[in-house]
Amino acid sequence: MRPNTPYTPRDWDSHPPYIVPDYRSTLLRGPKKPLIPLPHSLSELTGPVFGHDVVGPLDHDLTRNGVVNAEPLGERIIVTGKVMDEAGRPVPHTLVELWQANAAGRYVHRWDQHAAPLDPNFFGGGRTMTDAEGRYRFITIKPGAYPWGNHHNAWRPNHIHFSLFGPSFVTRLVTQMYFPGDPLLAFDPIYQGIPESARERLVSRFSLDVTEPMMALGYEFDIVLRGPRATPIDED
Amino acid sequence: MPKQTPSQTVGPYFAYGLTPQPYGREGIADGRVVDRTLSGAALAGHRITVTGRVLDGAKAPVIDAMIEIWQADAQGRYAHPADGREASFHGFGRTGTDGEGAFRIETIKPGPVAGADARPQAPHLNVAVFARGMPNHAYTRVYFSDETAANEADMVLNLVGPDRRNTLVAMLEKTAGGPVYRFDIRLQGEDETVFFDA
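Line by line, the protein sequences give chains A and B. full-length UniProt numbering applies: residue 1 is where the first sequence begins, and numbers increase by one. full-length UniProt numbering applies: residue 1 is where the second sequence begins, and numbers increase by one.
FYI, nobody ran anything at the bench for these hints, they're computed from the structure. For each residue, glycine too, the CB sits at the ideal point set by N, CA and C. Be aware that a few hints might be false.
To be verified - No farther apart than 30 angstroms at their CA atoms in a straight line, the calculated lysine-lysine pairs in the DSS-like style are these:
(1) 59(B) to 174(B)
(2) 59(B) to 109(B)
(3) 3(B) to 142(A)
(4) 82(A) to 59(B)
(5) 174(B) to 82(A)
(6) 32(A) to 174(B)
What the hints assert, rightly or not - Quick look at which bits of chain B chain A covers, simulated, 3 or more residues with Cβ under 8 angstroms:
(7) 4–10
(8) 17–23
(9) 96–109
(10) 114–120
(11) 149–160
(12) 183–197
Work the whole structure out from these sequences, hints included.
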């Protein structure tokens, strides 16, 4: 990749707007004045680079990285996919962070007051680096749905939070991965706030190829980050 | 061609995933950008603190926001292959806001970096703001109030109407503990901070 090519802009046909009226906490938190387009300088063409040293040996395996005295409860799953740019080029050696609720829909976070049990053997946070082909792989527990206060009888669909860096500060992305066939997606204002044509990109695919016999179901979730604006000339 | 993966909010419970130090876990970064990136040798540059609050459209503190900082070293070099020079400083910081919506970054003052027009930009921190209720993160910049001449010539500040430029300038307060720059982030409202489509 040619590092000094400006990046494509955020595609506002793919991302939700800052204010999604049905997602109530956006109403006072979304900027209302127009964003000012920023010509890319080194400040935007660069971003934090992390080495494999920020990832510990169990950080990708949430079924093991919180174990105190037993295996965590719930359905073991494998979540894997490819991080690429808009030209389909892999994004290698980039940090992927992940966090989620446990099988009962309860987060370890101190503020989570949902009356569902914590699992003493499940922390719910992890991270990994993509490999040379841009692939990542986590082993975890399928997160449960949980209620929230947005509106009467509001429930978040099962989801896993993802945080990615990519090659620059402007390729930064925080998103959520959902599960196929979840009936709560139709009622979730956070998911429904995404433009309709883009929503399904956040729904992972069940994969029997990723599924491991007697071990865990497999889901695939590819992630597309912003890429260089111009297609670089092949330099080999 | 694949299309961009949509952004989603960090939600209210990101802390144990992204800023997990209070949960007894190593994080990838924190608000002490200086301490985390010193590699034994003394780091060149002026140590500064940048502190402020994140406020919503009702001027209420946003107690579940996360601030990320990306910056050059004191010589204006970024630790990244697109810069190509050997930076003395990793330059990335990340911190959550506290119960008053406040954040605190301890770092060094960055040097000037070439702008998109190749002229030097005024020293600045690149900032991304994340929060529950923000389906997308927001990009802004921190400039410094004691860089008057550089700020006046800065290409990016000149893209901003003069009535809103001050939202990007952190105000220097000299304290016994060293220079502290105050920078509040107003997500919405009449004095809304300038955010960029970066």
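For each hint, the structure was consulted:
1. 59(B) to 174(B): 26 angstroms, holds
2. 59(B) to 109(B): Given that 30 angstroms is the threshold and the Cα spacing comes to 29 angstroms, the pair holds.
3. 3(B) to 142(A): 27 angstroms, holds
4. 82(A) to 59(B): Violated. Residue 82(A) to residue 59(B) sits at ~41 angstroms, over the 30 angstroms cutoff.
5. 174(B) to 82(A): 49 angstroms, violated
6. 32(A) to 174(B): Not satisfied, since the Cα-Cα distance of roughly 34 angstroms exceeds 30 angstroms.
7. 4–10: Since three or more residues must qualify, the claim that chain A covers the stretch 4–10 of chain B holds, with 7 doing so at under 8 angstroms.
8. 17–23: holds (count 4)
9. 96–109: violated (count 0)
10. 114–120: Result for this restraint: holds, n = 4.
11. 149–160: holds (count 4)
12. 183–197: As far as the stretch 183–197 of chain B goes, the hint holds, because 8 residues have Cβ atoms under 8 angstroms from chain A.
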